[in-house]
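Could you build all of it, start to finish, from the sequences and the hints given here?
Residue-level listing of the chains:
Protein chains: 2
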Amino acid sequence: MTLKYSRQRQAVWDFIQTRSDHPTASIVYEEVRRMYPNISLGTVYRNLMLLRDMGKIGTVDIGDNAVHFDPNISLHEHFVCRKCGSLTDLDTYDLSSLRPMQIDFHGKIENYSMIYYGICEDCLKQQASTENSENQSIQRQT
Amino acid sequence: MTLKYSRQRQAVWDFIQTRSDHPTASIVYEEVRRMYPNISLGTVYRNLMLLRDMGKIGTVDIGDNAVHFDPNISLHEHFVCRKCGSLTDLDTYDLSSLRPMQIDFHGKIENYSMIYYGICEDCLKQQASTENSENQSIQRQT
DNA sequence: TCTCATTTCAGTAATGATTTCTGTTTAAAT
DNA sequence: ATTTAAACAGAAATCATTACTGAAATGAGA
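In the order they appear, the protein sequences are chains H and B. Residues -8 to 133 in our numbering are what the first sequence spells out, letter by letter. Residues -8 to 133 in our numbering are what the second sequence spells out, letter by letter.
Some hints here could point you the wrong way.
It does not matter which identical chain is used: a pair holds within one copy or between any two.
Said to hold, decoys possible - Derived pair list, reagent style DSS-like, types lysine-lysine, alpha-carbon separation capped at 27 Å:
(1) Lys(-5) / Lys47
(2) Lys99 / Lys116
(3) Lys99 / Lys74
(4) Lys99 / Lys47
(5) Lys47 / Lys74
FYI, nobody ran anything at the bench for these hints, they're computed from the structure.
This is how it looks when you write it as C-alpha cells:
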C-alpha cells in the first residue's frame, strides 16, 4: 500500500507538468521514451491512472476514443475544435454554483465536466481564407 | 448517396426510441437481435452512427469506454453516478447563454456537453442504510 | 551496509469497443 | 423484370486499455 519512488513515475509526472495540450497515454509514452527508451506503455498507463486516482492530475474525455490527461486540476472547462480536434482550456464564469433546476432530482452532485464544441480561432481564419479563394474562382468562372 | 430503407435501420431506430437509459451499441445489438436474430454488430454500429450524423439521435461520452446513444436531441445535461454508473437526464437552467469569460478566446462555440458526476438517489439511500448497520455493529462491539 | 518484503517494472498477451473488408442480398427506380 | 447503388452478414483488423509474469528496484529494519 505504500507508494514507492520510481524514476518512471517521476518522468511521467514531470512530462505531464510541461504540457498544456492534454496528451493521451500514447503521446506521453512516446515522449517519455526519449528519456527512458525502454519504459513500457503499461508503466505509463499505470502511473497516469495512479496519479489520476491520487487526484494529482485530471482526465478529459472528449469522445475521440482516448483519455486525455490534464495537469491542471483546478476548476475549468474545455473547448474542442471539431475541425482540427484541438483541446484547449477555457476559464468560465463560476459554474460551481450551477445546479439542475430539476425538482425531482435528489442525488448528490460532486463535480462536473463541461466541454464546449465548435471551431477554434485558427480554423475559423483558415475557413475564411478558403471561402475567399472559393469565391474568387467562382468569379473567374462567370 | 440516397438513403435506402432497411428493416435493420428501422429496428435500431425503433428500439432507441423506447429507451431513456442511453444504451451502448452492444446493448442495442443484443436487444434488436431478439427481433432480427442475425443482424450483425457492424450493421448496428453503422446505423447508429448514421442516425447520429443525421442528427436524429445524440451520443454521450461518460468516460466508461463506450459510446452511449440518446434519443433525446433537445438541449439537456446528464448525470452519472460514480457508484452504480447509471446515466440519467437532467434538465437544467438555460446554459445556452453561458459564455466563457475568457477575453482572449475568439473561436466559435456551437454546442457543449455538460456531465455532472456524483451519487444518485438510490445509491445515497443504500449508502445511508449501510452506514447505519455499520454503526450498529460498532455499537454491539462496545 | 545487508537483507528482504513489497512495489514497480518491461515485455507480452488478452480484452473489448469500434472499424474495415468482402462477397451477397435488397430497395427502389427504370 | 432488370439494374444498380445501398445495405447487409460475417469475419478479420485496429486501437486503446488492462492483465499477467518473471525480473529489477526501492526502502524499512537488522
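Quick rundown of the hints versus the structure:
Only within a single protomer do lysine -5 and lysine 47 lie at most 27 Å apart by alpha-carbon distance; the minimum there is 16 Å, versus 51 Å between protomers. In the homo-oligomer, the alpha carbons of lysine 99 and lysine 116 lie at most 27 Å apart only across protomers (11 Å), although the nearest pairing inside one protomer, at 43 Å, exceeds that limit. Taking the closest pair of Cα atoms, lysine 99 and lysine 74 come within 27 Å of each other only across two copies (11 Å); inside a single copy the shortest separation is 36 Å, beyond that limit. In this homomeric assembly, lysine 99 and lysine 47 come within 27 Å of each other (Cα to Cα) only inside a single copy, at 23 Å, whereas the closest approach across copies is 31 Å.
In this assembly of identical chains, lysine 47 and lysine 74 lie within 27 Å of each other by CA distance solely across copies; the values are 21 Å between and 31 Å within a copy.
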